[in-house]
Amino acid sequence: MLNTINKRRGGFTLVEIMIVVAIIALLAAIAVPGFLRARKRSQATRILNDLRMIDSAVDQYAIETNRVTGNTVAVVDWTNYLKRGTVLYNTGNDLLGHPYGAEVVDTLPGVPKDSFAGLSDVAPSEFWSPYPIQP
209 MLNTINKRRG GFTLVEIMIV VAIIALLAAI AVPGFLRARK RSQATRILND LRMIDSAVDQ
269 YAIETNRVTG NTVAVVDWTN YLKRGTVLYN TGNDLLGHPY GAEVVDTLPG VPKDSFAGLS
329 DVAPSEFWSP YPIQP
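Numbering (our numbering), first residue to last: 209 to 343.
Every clue listed holds true.
Here are the in silico distance ranges between beta carbons for each label pair: (1) P332 / S264: 23 to 29 Å; (2) R292 / I227: 51 to 57 Å; (3) R249 / G309: 23 to 29 Å; (4) I225 / R249: 34 to 40 Å; (5) N279 / K321: 19 to 25 Å; (6) I341 / Q268: 21 to 27 Å; (7) A233 / L316: 42 to 48 Å; (8) A246 / I271: 34 to 40 Å; (9) S250 / Q342: 19 to 25 Å; (10) I238 / P338: 33 to 39 Å; (11) V284 / Q342: 16 to 22 Å; (12) F243 / T277: 39 to 45 Å.
It is worth saying that the hints were derived from the structure and are not from the lab.
Note that the structure is a prediction, hence the values are computed from the model and not measured.
The beta carbon of each residue, even a glycine, is placed where N, CA and C say it ideally should be.
The whole structure should be built from the sequences, with the hints applied where relevant.
Rendered as structure tokens:
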């Protein structure tokens, strides 16, 4: 009687479960590197957009305060022309925490050297054009 009850029970064998786990692990091994690469590329794109906003903010500050080419604009001055509440507005740093620093009127802002180094595998130097890499 007990043997007939056990034969009727459905279930998965250990081998079937191990095969499913192996397939899931294989899919994760394929997907995770692509996800991490896409994440780093989006961080690089965000920094590139920050550079565009900094360039515009420095230009606006220079126009309103009658600055001329070559004048230095402090971080506290150009951040006032950015959207409030953003990381860039609050700190003057990129999203990786590296500072942009003071900027010069009519000169393109530079990519923080540490950010460039951290993202160089997904964003080579051509990606950052026309913005220079900070020394």
